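Undergrad: Each residue of the sequence shown is one higher than the last, beginning at 46 in this note's numbering.
Quick caveat, the hints were computed from the structure, so don't treat them as lab data. Accuracy of the hints is not assured; some may be wrong.
[Stated by the list, open to error] Subject to a maximum C-alpha distance of 30 Å in a straight line, what follows is the list of computed DSSO-like cross-link-like pairs (lysine-lysine):
{"#": "1", "residue 1": "Lys381", "residue 2": "Lys319"}
{"#": "2", "residue 1": "Lys179", "residue 2": "Lys251"}
{"#": "3", "residue 1": "Lys251", "residue 2": "Lys174"}
{"#": "4", "residue 1": "Lys174", "residue 2": "Lys360"}
{"#": "5", "residue 1": "Lys319", "residue 2": "Lys298"}
{"#": "6", "residue 1": "Lys298", "residue 2": "Lys229"}
{"#": "7", "residue 1": "Lys360", "residue 2": "Lys287"}
{"#": "8", "residue 1": "Lys287", "residue 2": "Lys229"}
{"#": "9", "residue 1": "Lys309", "residue 2": "Lys90"}
{"#": "10", "residue 1": "Lys374", "residue 2": "Lys287"}
{"#": "11", "residue 1": "Lys174", "residue 2": "Lys60"}
{"#": "12", "residue 1": "Lys229", "residue 2": "Lys180"}
{"#": "13", "residue 1": "Lys251", "residue 2": "Lys117"}
{"#": "14", "residue 1": "Lys186", "residue 2": "Lys217"}
{"#": "15", "residue 1": "Lys367", "residue 2": "Lys298"}
{"#": "16", "residue 1": "Lys335", "residue 2": "Lys250"}
{"#": "17", "residue 1": "Lys360", "residue 2": "Lys374"}
{"#": "18", "residue 1": "Lys250", "residue 2": "Lys298"}
{"#": "19", "residue 1": "Lys381", "residue 2": "Lys367"}
{"#": "20", "residue 1": "Lys174", "residue 2": "Lys117"}
{"#": "21", "residue 1": "Lys250", "residue 2": "Lys110"}
{"#": "22", "residue 1": "Lys360", "residue 2": "Lys302"}
{"#": "23", "residue 1": "Lys103", "residue 2": "Lys368"}
{"#": "24", "residue 1": "Lys302", "residue 2": "Lys60"}
{"#": "25", "residue 1": "Lys90", "residue 2": "Lys174"}
{"#": "26", "residue 1": "Lys287", "residue 2": "Lys50"}
{"#": "27", "residue 1": "Lys186", "residue 2": "Lys174"}
{"#": "28", "residue 1": "Lys217", "residue 2": "Lys298"}
{"#": "29", "residue 1": "Lys287", "residue 2": "Lys60"}
{"#": "30", "residue 1": "Lys110", "residue 2": "Lys180"}
{"#": "31", "residue 1": "Lys368", "residue 2": "Lys309"}
{"#": "32", "residue 1": "Lys250", "residue 2": "Lys229"}
{"#": "33", "residue 1": "Lys344", "residue 2": "Lys360"}
{"#": "34", "residue 1": "Lys110", "residue 2": "Lys50"}
{"#": "35", "residue 1": "Lys244", "residue 2": "Lys217"}
{"#": "36", "residue 1": "Lys179", "residue 2": "Lys250"}
{"#": "37", "residue 1": "Lys287", "residue 2": "Lys186"}
{"#": "38", "residue 1": "Lys250", "residue 2": "Lys302"}
{"#": "39", "residue 1": "Lys186", "residue 2": "Lys103"}
Every value quoted in this text rests on a predicted model; they were computed, and no experiment measured them.
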Amino acid sequence: MPSVKYLFVLTSSPKDFFCEQTLVAIASLRVHNPNAFVTLLTDDKTAETLTGPRAVLKDAVDELKVLTLDEKFTPMLRSRYLKTVMRNVVDGDFLYMDSDIAIVDDLSIPDEWRGGIYAVLDFHTNLSKAINRKKVLNNAKMMGFSPILNDEIFNGGVMFAADTPEAREFFKTWHELWLYCVSKNFPYDMASLAETNYKFGYITKKMDGGWNCQLAYGNRFLPTAKVLHFFGSRIIDTRGRKVPESMNIFLPKILRKDFYTNLKNIPVTVNADKSIHINEYYDDVIAHAKDAFMYQTNKVGAAGAYIIRSYAFAKSLAWLYKKMPFLVKPLEILGKLF
(Lines of atoms letter the chains of each structure in order from A and count residues from 1; the text may use other names and numbers.)
(Lines give C-alpha, C1' and ligand atoms only; values in the text may rest on other atoms or scores of the structure.)
Protein backbone atom coordinates (compact mmCIF):
# COMPACT_ATOMS: atom_id res chain seq x y z
CA MET A 1 0.00 0.00 0.00
CA PRO A 2 1.34 3.49 -0.82
CA SER A 3 2.32 5.75 2.08
CA VAL A 4 -0.50 8.12 1.12
CA LYS A 5 -3.32 8.15 -1.40
CA TYR A 6 -4.48 11.30 -3.18
CA LEU A 7 -8.23 11.00 -3.13
CA PHE A 8 -10.88 12.57 -5.32
CA VAL A 9 -14.65 12.11 -5.09
CA LEU A 10 -16.79 12.34 -8.20
CA THR A 11 -20.51 12.56 -8.84
CA SER A 12 -21.14 13.51 -12.44
CA SER A 13 -23.13 13.02 -15.61
CA PRO A 14 -22.34 13.92 -19.24
CA LYS A 15 -24.46 17.05 -18.77
CA ASP A 16 -21.99 18.67 -16.37
CA PHE A 17 -18.23 19.19 -16.45
CA PHE A 18 -17.24 17.70 -13.08
CA CYS A 19 -15.56 14.74 -14.76
CA GLU A 20 -13.41 17.11 -16.81
CA GLN A 21 -12.64 19.21 -13.73
CA THR A 22 -11.44 16.12 -11.92
CA LEU A 23 -9.28 15.12 -14.88
CA VAL A 24 -7.65 18.57 -14.91
CA ALA A 25 -7.04 18.37 -11.15
CA ILE A 26 -5.40 14.95 -11.51
CA ALA A 27 -3.34 16.15 -14.47
CA SER A 28 -2.03 19.03 -12.35
CA LEU A 29 -1.23 16.59 -9.54
CA ARG A 30 0.77 14.40 -11.92
CA VAL A 31 2.82 17.39 -13.13
CA HIS A 32 4.13 18.19 -9.66
CA ASN A 33 3.81 14.74 -8.05
CA PRO A 34 4.58 12.19 -10.78
CA ASN A 35 4.63 9.25 -8.38
CA ALA A 36 1.33 10.07 -6.66
CA PHE A 37 -1.09 7.19 -6.06
CA VAL A 38 -4.51 8.50 -7.06
CA THR A 39 -7.80 7.06 -5.85
CA LEU A 40 -11.17 7.99 -7.29
CA LEU A 41 -14.28 7.33 -5.21
CA THR A 42 -17.52 7.52 -7.13
CA ASP A 43 -21.11 6.27 -7.13
CA ASP A 44 -22.73 3.64 -9.31
CA LYS A 45 -24.67 6.09 -11.48
CA THR A 46 -21.55 8.10 -12.24
CA ALA A 47 -19.50 4.97 -12.92
CA GLU A 48 -22.01 3.91 -15.57
CA THR A 49 -21.28 7.13 -17.48
CA LEU A 50 -17.49 6.72 -17.54
CA THR A 51 -17.55 5.44 -21.10
CA GLY A 52 -16.34 6.87 -24.39
CA PRO A 53 -14.17 9.98 -23.87
CA ARG A 54 -15.09 10.03 -20.16
CA ALA A 55 -13.50 6.60 -19.68
CA VAL A 56 -10.05 8.20 -19.72
CA LEU A 57 -10.64 9.24 -16.11
CA LYS A 58 -10.49 5.57 -15.10
CA ASP A 59 -7.14 5.24 -16.83
CA ALA A 60 -5.85 8.35 -15.07
CA VAL A 61 -6.23 6.90 -11.56
CA ASP A 62 -4.52 4.04 -9.75
CA GLU A 63 -7.55 2.92 -7.78
CA LEU A 64 -11.25 3.18 -8.56
CA LYS A 65 -13.86 2.54 -5.88
CA VAL A 66 -17.56 2.52 -6.70
CA LEU A 67 -20.35 2.65 -4.12
CA THR A 68 -23.95 1.74 -4.91
CA LEU A 69 -26.19 4.42 -3.43
CA ASP A 70 -29.91 4.99 -3.10
CA GLU A 71 -31.12 5.67 -6.62
CA LYS A 72 -33.36 8.43 -5.28
CA PHE A 73 -30.39 10.49 -4.10
CA THR A 74 -29.79 13.73 -5.98
CA PRO A 75 -26.28 14.37 -7.33
CA MET A 76 -25.62 16.71 -4.41
CA LEU A 77 -26.63 14.06 -1.88
CA ARG A 78 -24.50 11.48 -3.64
CA SER A 79 -21.48 13.76 -3.51
CA ARG A 80 -21.89 14.55 0.19
CA TYR A 81 -22.60 10.91 1.00
CA LEU A 82 -19.34 9.81 -0.60
CA LYS A 83 -17.35 12.56 1.08
CA THR A 84 -18.59 11.75 4.56
CA VAL A 85 -18.00 7.99 4.23
CA MET A 86 -14.69 8.16 2.36
CA ARG A 87 -12.50 7.40 5.39
CA ASN A 88 -14.39 4.16 5.99
CA VAL A 89 -14.35 2.87 2.41
CA VAL A 90 -10.80 3.81 1.36
CA ASP A 91 -7.91 2.05 3.10
CA GLY A 92 -4.72 3.88 3.97
CA ASP A 93 -3.82 7.46 4.82
CA PHE A 94 -5.19 9.90 2.26
CA LEU A 95 -5.17 13.51 1.22
CA TYR A 96 -8.64 14.30 -0.05
CA MET A 97 -9.07 17.18 -2.49
CA ASP A 98 -12.10 18.74 -4.16
CA SER A 99 -12.08 18.81 -7.95
CA ASP A 100 -12.25 22.60 -8.41
CA ILE A 101 -8.56 22.94 -7.72
CA ALA A 102 -5.14 23.01 -9.30
CA ILE A 103 -2.17 21.36 -7.65
CA VAL A 104 0.86 23.59 -8.09
CA ASP A 105 3.61 22.08 -5.94
CA ASP A 106 4.92 18.97 -4.23
CA LEU A 107 2.35 17.37 -1.90
CA SER A 108 4.60 15.15 0.17
CA ILE A 109 2.89 14.67 3.52
CA PRO A 110 4.72 16.13 6.55
CA ASP A 111 5.71 13.51 9.13
CA GLU A 112 3.89 15.38 11.89
CA TRP A 113 0.56 14.84 10.15
CA ARG A 114 0.77 11.08 10.43
CA GLY A 115 -1.93 9.73 12.70
CA GLY A 116 -4.06 12.87 12.60
CA ILE A 117 -6.76 14.80 10.75
CA TYR A 118 -5.73 18.08 9.16
CA ALA A 119 -7.47 20.85 7.21
CA VAL A 120 -7.30 24.60 6.52
CA LEU A 121 -9.55 27.17 8.16
CA ASP A 122 -12.49 28.29 6.05
CA PHE A 123 -11.79 31.72 4.53
CA HIS A 124 -8.30 31.45 6.09
CA THR A 125 -9.51 32.99 9.33
CA ASN A 126 -11.11 32.24 12.67
CA LEU A 127 -14.88 32.16 12.78
CA SER A 128 -15.08 35.36 14.82
CA LYS A 129 -13.51 37.22 11.87
CA ALA A 130 -15.23 35.33 9.04
CA ILE A 131 -17.69 37.08 6.74
CA ASN A 132 -20.12 34.17 7.11
CA ARG A 133 -19.90 33.99 10.91
CA LYS A 134 -23.58 34.75 11.50
CA LYS A 135 -24.71 32.21 8.92
CA VAL A 136 -22.47 29.47 10.34
CA LEU A 137 -23.68 30.04 13.89
CA ASN A 138 -27.32 30.21 12.78
CA ASN A 139 -26.95 26.92 10.91
CA ALA A 140 -25.41 25.26 13.97
CA LYS A 141 -28.22 26.55 16.16
CA MET A 142 -30.86 25.45 13.65
CA MET A 143 -29.47 21.90 13.74
CA GLY A 144 -29.16 21.90 17.53
CA PHE A 145 -25.36 21.76 17.34
CA SER A 146 -22.74 23.34 19.58
CA PRO A 147 -21.89 27.05 19.17
CA ILE A 148 -18.35 26.27 17.89
CA LEU A 149 -16.53 27.16 21.06
CA ASN A 150 -13.03 26.87 19.59
CA ASP A 151 -13.75 29.61 17.02
CA GLU A 152 -12.58 27.40 14.14
CA ILE A 153 -14.44 26.24 11.04
CA PHE A 154 -12.49 24.09 8.64
CA ASN A 155 -12.86 24.11 4.89
CA GLY A 156 -13.50 20.58 3.63
CA GLY A 157 -11.92 21.17 0.23
CA VAL A 158 -8.60 19.62 1.25
CA MET A 159 -8.34 17.20 4.15
CA PHE A 160 -5.66 14.81 5.33
CA ALA A 161 -6.99 11.81 7.24
CA ALA A 162 -4.79 9.10 8.68
CA ASP A 163 -6.15 5.57 8.65
CA THR A 164 -6.66 5.18 12.39
CA PRO A 165 -9.58 3.88 14.46
CA GLU A 166 -10.17 7.41 15.76
CA ALA A 167 -10.27 8.91 12.26
CA ARG A 168 -12.67 6.21 11.11
CA GLU A 169 -14.94 6.95 14.08
CA PHE A 170 -14.68 10.66 13.32
CA PHE A 171 -15.91 10.14 9.77
CA LYS A 172 -18.58 7.68 10.91
CA THR A 173 -19.94 10.36 13.22
CA TRP A 174 -19.66 13.00 10.50
CA HIS A 175 -21.69 10.80 8.17
CA GLU A 176 -24.35 10.15 10.81
CA LEU A 177 -24.65 13.84 11.63
CA TRP A 178 -24.84 14.69 7.94
CA LEU A 179 -27.67 12.19 7.50
CA TYR A 180 -29.40 13.89 10.42
CA CYS A 181 -29.01 17.24 8.65
CA VAL A 182 -30.44 15.71 5.47
CA SER A 183 -33.47 14.56 7.46
CA LYS A 184 -33.96 18.20 8.44
CA ASN A 185 -33.76 19.34 4.78
CA PHE A 186 -30.28 20.76 5.32
CA PRO A 187 -28.04 18.66 3.03
CA TYR A 188 -24.81 20.60 3.49
CA ASP A 189 -21.80 19.05 5.21
CA MET A 190 -19.90 21.86 6.95
CA ALA A 191 -22.19 22.16 9.98
CA SER A 192 -22.01 18.42 10.58
CA LEU A 193 -18.21 18.51 10.18
CA ALA A 194 -17.93 21.28 12.79
CA GLU A 195 -20.18 19.38 15.19
CA THR A 196 -18.14 16.21 14.69
CA ASN A 197 -14.98 18.12 15.50
CA TYR A 198 -16.64 19.39 18.69
CA LYS A 199 -17.72 15.88 19.73
CA PHE A 200 -14.17 14.61 19.25
CA GLY A 201 -12.62 17.36 21.34
CA TYR A 202 -11.58 19.50 18.38
CA ILE A 203 -9.06 16.97 17.08
CA THR A 204 -8.83 18.49 13.60
CA LYS A 205 -5.56 20.37 13.33
CA LYS A 206 -4.63 23.27 11.09
CA MET A 207 -2.67 22.86 7.88
CA ASP A 208 -0.68 25.75 6.53
CA GLY A 209 -2.97 27.83 4.32
CA GLY A 210 -0.97 26.99 1.21
CA TRP A 211 -2.38 23.46 1.26
CA ASN A 212 -5.81 24.88 0.45
CA CYS A 213 -5.25 28.38 -0.89
CA GLN A 214 -8.81 29.66 -1.23
CA LEU A 215 -8.15 32.23 -3.91
CA ALA A 216 -10.81 34.74 -2.94
CA TYR A 217 -9.26 35.18 0.52
CA GLY A 218 -5.85 33.51 0.46
CA ASN A 219 -3.68 35.99 -1.43
CA ARG A 220 -1.03 35.91 1.28
CA PHE A 221 -0.64 32.16 0.80
CA LEU A 222 -0.35 32.26 -2.99
CA PRO A 223 3.46 32.55 -3.25
CA THR A 224 3.92 29.32 -1.27
CA ALA A 225 0.66 27.63 -2.28
CA LYS A 226 0.55 23.92 -2.99
CA VAL A 227 -3.16 23.64 -3.86
CA LEU A 228 -5.19 26.45 -5.43
CA HIS A 229 -8.86 26.13 -4.56
CA PHE A 230 -10.86 28.40 -6.81
CA PHE A 231 -14.35 27.00 -6.10
CA GLY A 232 -16.82 25.98 -8.80
CA SER A 233 -18.81 29.16 -8.27
CA ARG A 234 -15.92 31.19 -9.69
CA ILE A 235 -15.75 29.33 -13.02
CA ILE A 236 -17.23 31.76 -15.52
CA ASP A 237 -19.25 30.99 -18.63
CA THR A 238 -17.95 33.29 -21.38
CA ARG A 239 -20.91 32.32 -23.60
CA GLY A 240 -18.75 31.27 -26.53
CA ARG A 241 -17.22 34.72 -26.90
CA LYS A 242 -13.59 35.01 -27.96
CA VAL A 243 -11.56 36.01 -24.91
CA PRO A 244 -8.51 38.15 -25.77
CA GLU A 245 -5.19 37.79 -23.97
CA SER A 246 -5.82 41.10 -22.18
CA MET A 247 -8.55 39.36 -20.16
CA ASN A 248 -6.07 36.93 -18.62
CA ILE A 249 -5.52 39.41 -15.82
CA PHE A 250 -9.21 39.31 -14.88
CA LEU A 251 -10.07 35.78 -15.97
CA PRO A 252 -7.28 33.18 -16.01
CA LYS A 253 -7.88 30.41 -18.52
CA ILE A 254 -8.34 27.76 -15.86
CA LEU A 255 -11.37 29.68 -14.53
CA ARG A 256 -13.25 29.65 -17.84
CA LYS A 257 -16.10 27.20 -18.20
CA ASP A 258 -15.18 26.36 -21.78
CA PHE A 259 -11.76 25.19 -20.57
CA TYR A 260 -13.65 22.22 -19.14
CA THR A 261 -16.58 21.84 -21.53
CA ASN A 262 -14.32 21.90 -24.59
CA LEU A 263 -12.29 19.11 -23.02
CA LYS A 264 -15.23 16.78 -23.60
CA ASN A 265 -14.27 16.66 -27.29
CA ILE A 266 -10.48 16.64 -27.04
CA PRO A 267 -8.51 13.36 -27.06
CA VAL A 268 -6.64 12.76 -23.82
CA THR A 269 -3.66 10.44 -23.47
CA VAL A 270 -2.68 8.75 -20.23
CA ASN A 271 0.90 7.59 -20.60
CA ALA A 272 2.42 4.46 -19.09
CA ASP A 273 3.80 6.51 -16.20
CA LYS A 274 0.29 7.94 -15.60
CA SER A 275 1.25 11.41 -16.78
CA ILE A 276 -1.57 13.04 -18.72
CA HIS A 277 -1.24 14.71 -22.11
CA ILE A 278 -4.08 16.70 -23.64
CA ASN A 279 -2.56 19.19 -26.07
CA GLU A 280 0.00 21.99 -25.89
CA TYR A 281 -2.54 24.61 -24.81
CA TYR A 282 -4.10 22.55 -22.02
CA ASP A 283 -0.83 21.10 -20.81
CA ASP A 284 0.65 24.60 -20.52
CA VAL A 285 -2.33 26.08 -18.66
CA ILE A 286 -2.38 23.16 -16.22
CA ALA A 287 1.37 23.17 -15.60
CA HIS A 288 1.48 26.94 -15.01
CA ALA A 289 -1.79 27.52 -13.16
CA LYS A 290 -0.05 29.29 -10.30
CA ASP A 291 1.76 31.63 -12.67
CA ALA A 292 -1.58 32.91 -13.98
CA PHE A 293 -2.58 34.10 -10.52
CA MET A 294 0.86 35.43 -9.64
CA TYR A 295 0.58 37.43 -12.87
CA GLN A 296 -2.56 39.06 -11.48
CA THR A 297 -0.80 40.07 -8.29
CA ASN A 298 2.25 41.40 -10.11
CA LYS A 299 0.10 43.53 -12.42
CA VAL A 300 -2.52 44.97 -10.07
CA GLY A 301 -0.95 44.51 -6.64
CA ALA A 302 -2.26 42.62 -3.64
CA ALA A 303 -5.25 44.94 -3.14
CA GLY A 304 -6.24 44.74 -6.79
CA ALA A 305 -5.84 40.97 -6.83
CA TYR A 306 -8.09 40.71 -3.79
CA ILE A 307 -10.81 42.54 -5.73
CA ILE A 308 -10.59 40.59 -8.99
CA ARG A 309 -10.47 37.24 -7.15
CA SER A 310 -13.50 38.08 -5.03
CA TYR A 311 -16.85 36.37 -5.35
CA ALA A 312 -18.46 39.72 -6.10
CA PHE A 313 -16.17 40.31 -9.08
CA ALA A 314 -16.67 36.78 -10.41
CA LYS A 315 -20.43 37.08 -10.09
CA SER A 316 -20.42 40.47 -11.81
CA LEU A 317 -18.21 39.26 -14.66
CA ALA A 318 -20.41 36.22 -15.22
CA TRP A 319 -23.46 38.50 -15.30
CA LEU A 320 -21.82 40.79 -17.87
CA TYR A 321 -21.01 37.90 -20.18
CA LYS A 322 -24.58 36.66 -19.90
CA LYS A 323 -26.60 39.89 -19.96
CA MET A 324 -24.43 42.75 -21.24
CA PRO A 325 -21.39 41.35 -23.07
CA PHE A 326 -20.63 44.72 -24.67
CA LEU A 327 -19.61 45.97 -21.22
CA VAL A 328 -16.82 43.39 -21.12
CA LYS A 329 -15.04 45.46 -23.78
CA PRO A 330 -13.88 48.14 -21.31
CA LEU A 331 -12.30 45.40 -19.20
CA GLU A 332 -10.52 44.05 -22.27
CA ILE A 333 -9.13 47.53 -22.94
CA LEU A 334 -8.22 48.06 -19.28
CA GLY A 335 -6.35 44.77 -19.27
CA LYS A 336 -4.09 46.08 -22.03
CA LEU A 337 -3.03 48.99 -19.83
CA PHE A 338 -1.45 46.85 -17.15
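Undergrad: Against this structure, judge whether each hint is valid.
TA: We went through each hint and held it up to the structure:
1. Lys381 to Lys319: violated, 39 Å
2. Lys179 to Lys251: The hint holds at about 22 Å.
3. Lys251 to Lys174: Distance ~17 Å between Lys251 and Lys174 Cα, so the pair holds.
4. Lys174 to Lys360: With a Cα-Cα distance of about 23 Å, the restraint between Lys174 and Lys360 holds, given a limit of 30 Å.
5. Lys319 to Lys298: holds, 24 Å
6. Lys298 to Lys229: Measuring from Cα to Cα gives roughly 39 Å; hence the hint is violated.
7. Lys360 to Lys287: holds, 19 Å
8. Lys287 to Lys229: violated, 45 Å
9. Lys309 to Lys90: Roughly 19 Å between the alpha carbons, so the hint for Lys309 and Lys90 holds.
10. Lys374 to Lys287: Given pair Lys374, Lys287 holds - Cα atoms ~11 Å apart, limit 30 Å.
11. Lys174 to Lys60: Not satisfied, since the Cα-Cα distance of roughly 38 Å exceeds 30 Å.
12. Lys229 to Lys180: Cα-Cα ~17 Å, so holds.
13. Lys251 to Lys117: Violated. Lys251 to Lys117 sits at ~36 Å, over the 30 Å cutoff.
14. Lys186 to Lys217: Holds: Lys186 and Lys217 sit about 22 Å apart, inside 30 Å.
15. Lys367 to Lys298: holds, 18 Å
16. Lys335 to Lys250: holds, 26 Å
17. Lys360 to Lys374: Distance ~17 Å between Lys360 and Lys374 Cα, so the pair holds.
18. Lys250 to Lys298: violated, 33 Å
19. Lys381 to Lys367: Holds - the C-alpha atoms of Lys367 and Lys381 are around 23 Å apart, at most 30 Å.
20. Lys174 to Lys117: violated, 39 Å
21. Lys250 to Lys110: holds, 27 Å
22. Lys360 to Lys302: OK: Lys360 and Lys302 at ~13 Å, within 30 Å.
23. Lys103 to Lys368: violated, 38 Å
24. Lys302 to Lys60: Holds: Lys302 and Lys60 sit about 13 Å apart, inside 30 Å.
25. Lys90 to Lys174: Violated: Lys90 and Lys174 sit about 40 Å apart, past 30 Å.
26. Lys287 to Lys50: Distance of about 39 Å is beyond 30 Å: violated.
27. Lys186 to Lys174: Answer holds: Lys186 to Lys174 is near 19 Å, not above 30 Å.
28. Lys217 to Lys298: violated, 39 Å
29. Lys287 to Lys60: The given pair, whose Cα atoms are some 23 Å apart, holds under the 30 Å limit.
30. Lys110 to Lys180: violated, 35 Å
31. Lys368 to Lys309: holds, 26 Å
32. Lys250 to Lys229: holds, 29 Å
33. Lys344 to Lys360: holds, 22 Å
34. Lys110 to Lys50: The given pair, whose Cα atoms are some 13 Å apart, holds under the 30 Å limit.
35. Lys244 to Lys217: Within the cut-off at roughly 12 Å; holds.
36. Lys179 to Lys250: holds, 23 Å
37. Lys287 to Lys186: violated, 47 Å
38. Lys250 to Lys302: violated, 34 Å
39. Lys186 to Lys103: violated, 42 Å
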